[in-house]
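Undergrad: Residue numbers (our numbering): 3 to 53.
No lab work stands behind these hints, which were simulated from the structure alone.
Glycine included, each C-beta is placed from N, C-alpha and C at the ideal position.
Some clues are possibly wrong.
[Claimed, not checked] Distance windows between CB atoms, simulated:
hint	residue 1	residue 2	range
1	Val31	Met3	15 to 25 angstroms
2	Ala5	Lys29	35 to 45 angstroms
3	Val31	Ala5	34 to 44 angstroms
4	Lys29	Met3	31 to 41 angstroms
5	Met3	Arg41	32 to 42 angstroms
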Amino acid sequence: MTALQEIELNRLIERFRSAVTAHVLCKSVKTAQAVAEARLNLSSFAMKGAK
3 MTALQEIELN RLIERFRSAV TAHVLCKSVK TAQAVAEARL NLSSFAMKGA K
């Protein structure tokens, strides 16, 4: 993994963590959508790295 990929992965993990925290605190549809989007972005990044 390159340094840029590691930075991107850390950014995606932090975005996911923030979205989950917001959803736990608010439990709204908007925060649930943010969690789903962040999870999808993280999964997409992981799949690109697996190829």
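Undergrad: Could you run down the list of hints and mark each one as holding or not?
TA: Hint check results:
1. Val31 x Met3: 15 to 25 angstroms: Hint violated: Cβ distance 35 angstroms, outside 15 to 25 angstroms.
2. Ala5 x Lys29: 35 to 45 angstroms: Given about 37 angstroms between the Cβ atoms, the range holds.
3. Val31 x Ala5: 34 to 44 angstroms: Given a distance of about 37 angstroms, which is inside 34 to 44 angstroms, the answer is holds.
4. Lys29 x Met3: 31 to 41 angstroms: Holds: the Cβ-Cβ distance is about 35 angstroms, inside 31 to 41 angstroms.
5. Met3 x Arg41: 32 to 42 angstroms: violated (20 angstroms)
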